[in-house]
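Single-letter residue listing:
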Amino acid sequence: MSIKLNALFSDSYVDVSQYRDQHFKGNRYEQEKLLKQSATLYVGNLSFYTTEEQVHELFAKCGDVKRIIIGLDKIKKTACGFCFVEYYTRADAENAMRFVNGTRLDDRIIRTDWDAGFKEGRQYGRGKSGGQVRDEYRQDYDPARGGYGKMVQKS
Amino acid sequence: MSRRRHSDEGDAGAQPHKRRRTSEPIEIEDRLESLICRVGEKSTSSLESNLEGLAGVLEADLPNYKSKILRILCAVARLLPEKLTVYSTLVGLLNARNYNFGGEFVEAMIRQLKETLKANLYPEALYLVRFLSDLVNCHVIAAPSMVAMFENFISVTQEEDIPQVRSDWYVYAVLSSLPWVGKELYEKKDVEMDRLLSQIDGYLKRRQKTHVPMLQVWSAEKPHPQEEYLDCLWAQVQKLKKDRWQERHILRPYIAFDSVLCEALQHNLPPFTPPAHCPDAHYPTPHTVFRMFDYTDAPEGPVMPGSHSVERFVIEENLHCIIKSHWRERKTCAAQLLSYPGKNKIPLNYHIVEVIFGELFQLPSPPHIDVMYTALLIELCKLQPGSLPQVLAQATEMMYMRIDTMNTTCIDRFINWFSHHLSNFQFRWSWDDWADCLTQDLEKPKPKFVKEVLEKCMRLSYHQRIVDIVPASFSALIPADPVSFYKYAEESSSSLPGYALATTVGNAIKNRASNEEILIILKDVPNPNQDEDDDEGDSFNPLKIEVFLQTLLHLAAKSFSHSFSALAKFHEVLKTLTDSDEGKLHILRVLYEFWRSHPEMISVLVDKLIRTQIVDCAAVANWVFSPDMAHDFTRFYVWEILHSTIRKMNKHVQKIQKELDEAKEKLEKQQSKKRDSGDEEEMEKNSEDEDGQLEEQIEKLQEKVEAAQSEQKNLFLVIFQRFIMLLTEHLVRCETAGTDINTSWYKSCIERLQQIFLMHHPIIQQYMGTLENLLFTAELDHHILAVYQQFCALQL
Chain A
1 MSIKLNALFS
11 DSYVDVSQYR
21 DQHFKGNRYE
31 QEKLLKQSAT
41 LYVGNLSFYT
51 TEEQVHELFA
61 KCGDVKRIII
71 GLDKIKKTAC
81 GFCFVEYYTR
91 ADAENAMRFV
101 NGTRLDDRII
111 RTDWDAGFKE
121 GRQYGRGKSG
131 GQVRDEYRQD
141 YDPARGGYGK
151 MVQKS
Chain B
1 MSRRRHSDEG
11 DAGAQPHKRR
21 RTSEPIEIED
31 RLESLICRVG
41 EKSTSSLESN
51 LEGLAGVLEA
61 DLPNYKSKIL
71 RILCAVARLL
81 PEKLTVYSTL
91 VGLLNARNYN
101 FGGEFVEAMI
111 RQLKETLKAN
121 LYPEALYLVR
131 FLSDLVNCHV
141 IAAPSMVAMF
151 ENFISVTQEE
161 DIPQVRSDWY
171 VYAVLSSLPW
181 VGKELYEKKD
191 VEMDRLLSQI
201 DGYLKRRQKT
211 HVPMLQVWSA
221 EKPHPQEEYL
231 DCLWAQVQKL
241 KKDRWQERHI
251 LRPYIAFDSV
261 LCEALQHNLP
271 PFTPPAHCPD
281 AHYPTPHTVF
291 RMFDYTDAPE
301 GPVMPGSHSV
311 ERFVIEENLH
321 CIIKSHWRER
331 KTCAAQLLSY
341 PGKNKIPLNY
351 HIVEVIFGEL
361 FQLPSPPHID
371 VMYTALLIEL
381 CKLQPGSLPQ
391 VLAQATEMMY
401 MRIDTMNTTC
411 IDRFINWFSH
421 HLSNFQFRWS
431 WDDWADCLTQ
441 DLEKPKPKFV
451 KEVLEKCMRL
461 SYHQRIVDIV
471 PASFSALIPA
481 DPVSFYKYAE
491 ESSSSLPGYA
501 LATTVGNAIK
511 NRASNEEILI
521 ILKDVPNPNQ
531 DEDDDEGDSF
541 NPLKIEVFLQ
551 TLLHLAAKSF
561 SHSFSALAKF
571 HEVLKTLTDS
581 DEGKLHILRV
591 LYEFWRSHPE
601 MISVLVDKLI
611 RTQIVDCAAV
621 ANWVFSPDMA
631 HDFTRFYVWE
641 ILHSTIRKMN
651 KHVQKIQKEL
661 DEAKEKLEKQ
671 QSKKRDSGDE
681 EEMEKNSEDE
691 DGQLEEQIEK
701 LQEKVEAAQS
711 EQKNLFLVIF
721 QRFIMLLTEH
731 LVRCETAGTD
741 INTSWYKSCI
751 ERLQQIFLMH
761 HPIIQQYMGT
771 LENLLFTAEL
781 DHHILAVYQQ
791 FCALQL
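Top to bottom, those sequences are chains A and B.
The first sequence runs 1 to 155 under full-length UniProt numbering.
The second sequence runs 1 to 796 under full-length UniProt numbering.
What the hints contain is simulated information worked out from the structure, not anything from laboratory work.
Please read all numbers here as calculations on a predicted model, not as lab measurements.
Quick reminder that beta carbons are idealized off the backbone N, C-alpha and C, glycines included.
Hints are supplied without guarantee of correctness; some may be wrong.
Calculated pairs, EDC-like style, for lysine to aspartate or glutamate (alpha carbon to alpha carbon, straight line, at most 16 Å) [unchecked claim]:
1) B:K608 <-> A:D64
2) B:K324 <-> A:D107
3) B:K558 <-> A:E52
4) B:K651 <-> A:D64
5) B:K608 <-> A:D11
6) A:K66 <-> B:E779
7) B:K558 <-> A:E53
Which stretches of chain A does chain B cover? Using the computed rule of at least three CB atoms under 8 Å from a CB of chain B, they are [stated by the list, open to error]:
8) 57-63
9) 105-112
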């Protein structure tokens, strides 16, 4: 009776993605392990104007939120379009991966992904201009993310 | 596309499926599983030819893989009820080719049925019973033996001293199989079946229905009565019988194979005695059937089957099963729902929307987390953009029109769903269509609903957005701008007592004062309540709390994180100030005064205050019921706070209980290791200390558990007591004045009381004795007592 029919009852929204934090202190194996146990999510494609309150309201639908850390531009120290959401339990975070990932917050489709755990310093963008790397190189105009990408702005 | 297995505990990464030259047994087993699971899905060949082919493959594999095939087939019978007839046909074909296999399958199914019943897996047991009954249609099981099993099920209704939910389940198991097998059983054994149905009729007539009002989404009978589930199914079966068991909706692949199947030899079910009732048994709770549509609602296309047609039952069952199978995968779930076989003959979108809302509004609670349904409906809208959004809009409109009689708990869920849904569609809605609510008193259900929806929409966006999306006429319903109210701001408040000290405290905080330094400053705050004798100044001082907390909150008002940091930094000061119960209550009052326009902030700060033990749960309960909060008493956010508080209390008890259980287990393991080991003297030397330490730890934890449980019990007692006081006051006042008790406030309040019972029933069960002896006694007004009695009748 213990047969699980793996072929059918997948839970693919909860799977760990291909992304690995290049600044992670530790080896691949350790990172994988943390990702599989984590109750922390990285949330991307936020508007620069999305507040902690809005993030909380949405993610609290999946369970009690322990902490939200808004991602900041390293130089300006203003929001730069990502954040971390930490739940008390992994089960709650899994529900966020299943039901919040790929839906809208502040009119934008947001993306959630497993995170190995917040460490001081990780709240800063890693792009050369201070924001996120993706905003360095993108070509499109996104008024909620500072307009054109930084490279386009400089040229 | 290969799916990764999820059981890789020690693996660092995915196990790639390497193609090997020779077929390994594991690969073949996986392949068999895949073949069986996927049969019936979209294919270039017909279902019949796929079944025929698969039967051939399996027959060939029987010599080597029989037990694996048996296990897979038993599993799909239990876990994929929406494909019942596909798999029963497959078993029928196998039985026709291999009689012994058929017999072994039936035996395995009976074993599985016994196990699932013992394990309290009643929904799965139901699917097994239904599968067995469909095997009669496939000539695998002889009809008379099925009837005999049903007779044994119905005899449970004659058992004495059993919970009603036990006999309910066995009756339901029989009735819910009849759409599939009624015709066949009647053809073979009509006398026995008539007797069976007459016994069921007698049972249904004498069973208690006290629980029904508590489970109804709407209290009104019109336009669609919310029937108790057994009553509805009985009506459907009777109608089916009247129609001479002609059932045309269920997909029956075995009909195409009739010539093959009727050659097969049938097996007799062994006599099956339902396992006896035991205290551990946990039968399914009763429910009401959610109906919001009928044939008048689908304007074009196929007609919706009537509420007492068996087609309606089968469709709803199958849609529920699909959601149960695929709820974790919203895209797959949506696709499966929309590809329901036979969809061209029914208004499928309406059925889907009705079933989804039925689950979302189910009482006591939905089968799955609320947010799943929001995500699922969004996926459905994506897949059917030309038709589903319109049905959803129609449903929303209907539910708004009927909100006057909708259960408060369901209104809560409706508010949450609608606001979250709108936030995914730029808040586009025809608000003007709801202008009728503007002429009503703001406490009436319709304007209240719109107000709460707009408040939730604002929480997901921002104030100006809401102003922009509603017509100007709706301004009275727009939520307040979530600003703070600092009472010591600037010169306007210089006359307030404590103003000067507030400035001092504010400067001290800005200059990074420590907790001790702040406490020293606060010593100078006069106590408006102070006795002459109290030199220490340690007693409850409301002004101290106000001066400090107002100022702290003001300096930290920028965001949640700022406020959390502030509370953490000055934890010591806050703990000192709120040492007494009055202190705890007052801190909540001050918090409310400061953030009264920002309910979300109040919620998260109350959460933090509890988690950092500055206030306890009972203080929050007392605060909710205090006169200061009377005007917000019917607002949604207040109840979110209270329920969240109760949940925290419950989780706390569970956590310590778990720690205690783990410590006990550890001790047990240690002691059994000693018993097993040879060298007794050596072990004894080391272990006495270890054991002693653990035993001490266990004793401490035991005390902690008892203290926590006592706190939990007290919390519920406080809440129920306050409800009883409030409601009794209202009832007495109305009685003396001769006015109608059924005001909006009363409906809201009594349903909130119900909600406490329903949302926390597992915990409340433990305290039933105390509740009955202390609070819900016979002297209580019958309106209030009825809520308690309905709860007891649920036998949760």
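Right, here's what the structure says about each hint:
1. At most 16 Å may separate the alpha-carbon atoms for a hinted pair to count; K608 of chain B and D64 of chain A meet this at roughly 11 Å.
2. This hinted pair does not check out: K324 of chain B and D107 of chain A have alpha carbons roughly 30 Å apart, beyond 16 Å.
3. The suggested pairing of K558 of chain B with E52 of chain A holds, with an alpha-carbon distance near 10 Å, which does not exceed 16 Å.
4. Of the supplied pair hints, the one linking K651 of chain B and D64 of chain A holds, its CA atoms being roughly 11 Å apart against a limit of 16 Å.
5. Taking the CA atoms of K608 of chain B and D11 of chain A, the gap is near 33 Å; set against the 16 Å cutoff, the hint is violated.
6. Proposed proximity of K66 of chain A and E779 of chain B is contradicted: the alpha carbons are some 45 Å apart, above 16 Å.
7. A threshold of 16 Å between alpha carbons decides the hint, and for K558 of chain B with E53 of chain A the separation of about 11 Å falls inside it, so the pair holds.
8. Requiring three or more residues with a Cβ within less than 8 Å of a Cβ of chain B, the coverage given for the segment 57-63 of chain A holds, as 4 such residues are present.
9. Under a criterion of three residues with beta carbons nearer than 8 Å to beta carbons of chain B, the stated coverage of the segment 105-112 of chain A is upheld, 3 such residues being counted.
Against the hints set out earlier in the document, violations occur for numbers 2, 5 and 6.
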